[in-house]
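**Q** Protein sequences appear in the order of chains V and B. Mapping of the first sequence onto this note's numbering: position 184 corresponds to residue 184, and the numbering continues sequentially without gaps. Mapping of the second sequence onto this note's numbering: position 235 corresponds to residue 235, and the numbering continues sequentially without gaps.
Quick caveat, the hints were computed from the structure, so don't treat them as lab data. Check each hint, because a few of them may be wrong.
[To be verified] Straight-line C-alpha distance at most 25 Å; calculated BS3-like pairs for lysine-lysine:
(1) V/K209 x V/K167
(2) V/K166 x B/K234
(3) V/K166 x B/K325
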Amino acid sequence: MTSFLKELANEMSVTAAAEVPGAAPAPAKMAVEHLNLFYGDFQGLRDVNLTFPENQVTALIGPSGCGKSTLLKTLNRMNDLVEGCRVEGSVLLDGADAYRTLDATDLRRRVGMVFQQPNPFPMSIYDNVAFGPRSHGVRAKADLDVIVEESLRAAAIWDELKDRLKKNALGLSGGQQQRLCIARALAVQPEVLLLDESTSALDPISTAKIEELIGQLKERYTVIMVTHNMLQALRISDKTAFFLLGEVVEAGDTDTIFSAPIDPRTADYVAGRFG
Amino acid sequence: MLFSLLNVPPASASTAAGSGGAGAPGAGAGLAAAGVPAAARVPKRRPHVLREGAARALFGTAAALSIAAVALICLFLLANGVPAMAEIGLPEFLFGTTWRPAHDLYGIFPMIVGSLYVTAGAMIVGVPGGLLTALYLSRFARGRTGSFLRSGVELLAGIPSVVYGFFGLVIIVPFVRLFGPGTGLSVLAASLILGIMILPTVITVAQSALDAVPARYYEGALALGVDHEHAVFKVVAPAAASGIMAAIVLGLGRAIGETMAVVMVAGNMPIIPDSLLSGVRTMTANIVLEMGYAADLHREALIATGVVLFVFILLITMLLNVIRKRGEAR
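Okay, chain B solo, but in the shape it has when bound (with noise of 0.2 Å):
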């Protein structure tokens, strides 16, 4: 906007201000302005120009709003995290193994460790059948079957955490423990809940990626005489790469952020877990378990969790940022 005004002649900047504020790129706004009568412009400028500050206020104020809540998370986080991580020492708080509060000892590697082993067995899970289930959607369901699973789709992504939790401590916790020692609350039993809770996010994503590919790479492909699930797995898919890759990234955000789920069915030991059968504690779970009774510096040991697992979440978002520019760049 400062621009178009400061290339247009001083007579018409104002006509220029009205005209070039629904967006339109400086320069261009100011000589079209230019080019027009003055007098003809000026008598229905007014009430434009109010209505149009109006929504310009509204939703700037809307907009400065998410990012005043995001900014003073990051602030609250790092202002109750950092001290504390000062103060128990950076590598021994992000590479100590024993995690014992009453001790005053507060290393969460363990609890790093558990969420990426079930967030890795979330993705093995979840992603090759959420895939698959894209593609299926996308290119072979027809008529009342995709629209069913469509509806189905859309039914689990509104299906709360708890529920979920609740469904695997009734359901998948007794089926591992059939596998081996133990409880069943286990690295596995957490993997197999969050691989489904990823699910609709993974097809939904892909899927969108998979339709938004244009008809004609298809058809080039069926007019080289290729039967329709080759031209779907090797042109149609490739073609929908990167937001594929979107895809299984917002998964993986999905699953390293969930927590009621995970609480409910991974036995939350804060230790390394040895096996798939072993109970795991996640960061997500370490926050939400003790963050009732704590106090004092265990208060903000837990808080600096966060910022962890915010740095994580952070990683994840600029590598979605990544390959959605490498998607758009080709």
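Extracted from the complex, chain V is given alone in its bound form (with noise of 0.2 Å):
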């Protein structure tokens, strides 16, 4: 019921592409506009205007190599890794520039990021939760103690786990690393999260239990994933936007990208006519 009401009102502020950001009435937590990218002489995002708002789940759609994860990687930045790579325009988090105003690694503690593959730390569980809280000056053990269980408790795997914080976390299995990585990322108390396809390397079951996740996640956090699973995207995500080679054919509102797609290119994707 409130879902249904929550997405009245979304509808009521569709931000499509093209249009301003700033113009609806849902706040953008980020925005990227007129954003261009550049791996040396090829390009990977073409004049990318996109915004995302508060609390809710985006999911970004489209053929492999068409510049979702690019993306994704842009808005906090991890691109800075890849050597060749060139931005231009702007990435904003709550209207403030990540690539000049804002530096690098404060971008990252606010702008968490979950990857494809699970990635845990070759340490404890309790380690590999309590890493970056450490890293960032939490020092006493009371406080760790209480940051490493809310955060699993938040992943929904503390039950799990809280009998072998100690243990080291490759024993886990995938779904559970994957939603370790999770928490580790909750941990520095982010604002936004990304998740790069992060149920793809994970069986129905765990991929069930994040999905389920990122439905609770958005309450605190905004959200944005990339999926190859066009389900999925449908389940989980308020907003989804279709890239097609570096371009961003259509967002809005996932009902309506799903169920009344304005370009052809869109509805024949969504429909699975190719991809």
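Put the two chains together into one complex; each comes in its own frame, and the hints tell you how they fit.
**A** As structure tokens, this is what we get:
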């Protein structure tokens, strides 16, 4: 019921790709404006304009190589690691320019990321979750204990792991590792959570758990996820942006994108006719 | 191979021998060969088997030769050394503090202690610098600086030990002499020169361990908003811990076995050193200094010194294997 009302409210404020950001009543947590990205001579993203509303799940969909993961890595500047990568235009977090005003490490603390492959550190479960807070200056054991428990609870894995926090994280199953990575990302209290095909390496049961988790996480975080799985986008996202060859073809409410897309290419893709 | 032969029906056993020879697991190869019509494979089989047999014999001989060398060395050491140990008496030999062959006193305790002191000193000098250099080369150096330094390290590995010894004699010994009494031929000088000599071993082994750490650990750390240094020291380096330990142990082995450079700068008195500036004789130096003129029991006592050294090296190698196994287990 409430989600229906929310969707109704969102419908009033569809932020289409080309529209001026900020015009929508739903506050935009992050936005990209006239974003062009180059890997050497190759242009990976072409004039991308998108807004990511606060406390909503935005899904980026499109065929492989369309630039959706590239955009995600631009949002927390992980693309900085790629040699020859050049970004034009602006990425905004609460209106502040992520490339000119904000420090990269500060940005990444506020914009957390979960990768496609679960990548827990080769240390204990506890140390994995405590790594971020420790690195940012939390020293007291009691404080760390609280953060670890809260983060694991938020990632819906506390009950499974509470008795073996000292065990090496690499001994967990893939699904557990990925939820541990979500917990690790949450432990630094980010504002935005980026998920890069975070369920693609997992079995259906683990995927279902993480999807359910994402639905809960949006109450506290702004979630932006890349997915190859259109049903997944349909199930858990509020907004969807469809990418093709580095461009945003269409963006808007997930329901609209899937049921009444404007662009015929979107219609073909969501109907499974290519990709 | 025997296993695969036993697992296969007699008719196709020879086919399985041909295909299983490539090292495929016995049972799987047998099943695969059994599924193929025998006639289709028979004409091609003979030259294949012959070539494989020849290669197998060649590699087998090479492997056998190196094993035989190790076995012969062991045999020689034990056959010559153990009787001497028995004649001198094992406690007197290992823990006797006086080495005076002219009086038939063969206590090598000063040399054991000397080797341990000098090796420990080399570790203190070489390991921290070597590990930090490896971290720098693996995670900080870029472009031309990096490749310049890397070739510098390779060059360091290629310098003959007598040249290190000469460098030590001309530069380090006079430098040590500034710090106090004595000639400068000392534990300190030997430690410094050995510390430099183990650098290439420590650096290259540690660096390859660091290079092998998957990028996803580093990226995972960065994505949590920590900076490069923090990610390298707190995530990448611990992830390479077993490789780094292996680097240290290999450096240890290199230091304890080094002879020429140590002889040139250590002073070589067979006494238990009482300070860093005191002269010292290692087990290796003991052997090389006296082997030229030793005879009878004296000669055998030197070989027995080699046995003790060999035991140390063996322990170090076993330690290394344990570390590697642990690394793989992770």
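**Q** Could you grab the alpha-carbon distance between V/K209 and V/K167 and see if it respects the 25 Å cut-off?
**A** At roughly 22 Å apart (the allowed maximum being 25 Å), V/K167 and V/K209 satisfy the hint.
**Q** V/K166 and B/K234: Cα distance at most 25 Å?
**A** This hinted pair holds, its Cα atoms lying about 18 Å apart.
**Q** Next pair to validate is V/K166 with B/K325; report whether the Cα-Cα distance is within 25 Å.
**A** Status holds; Cα separation ~22 Å.
Consistency with the previously given hints is maintained throughout, with no hint failing.
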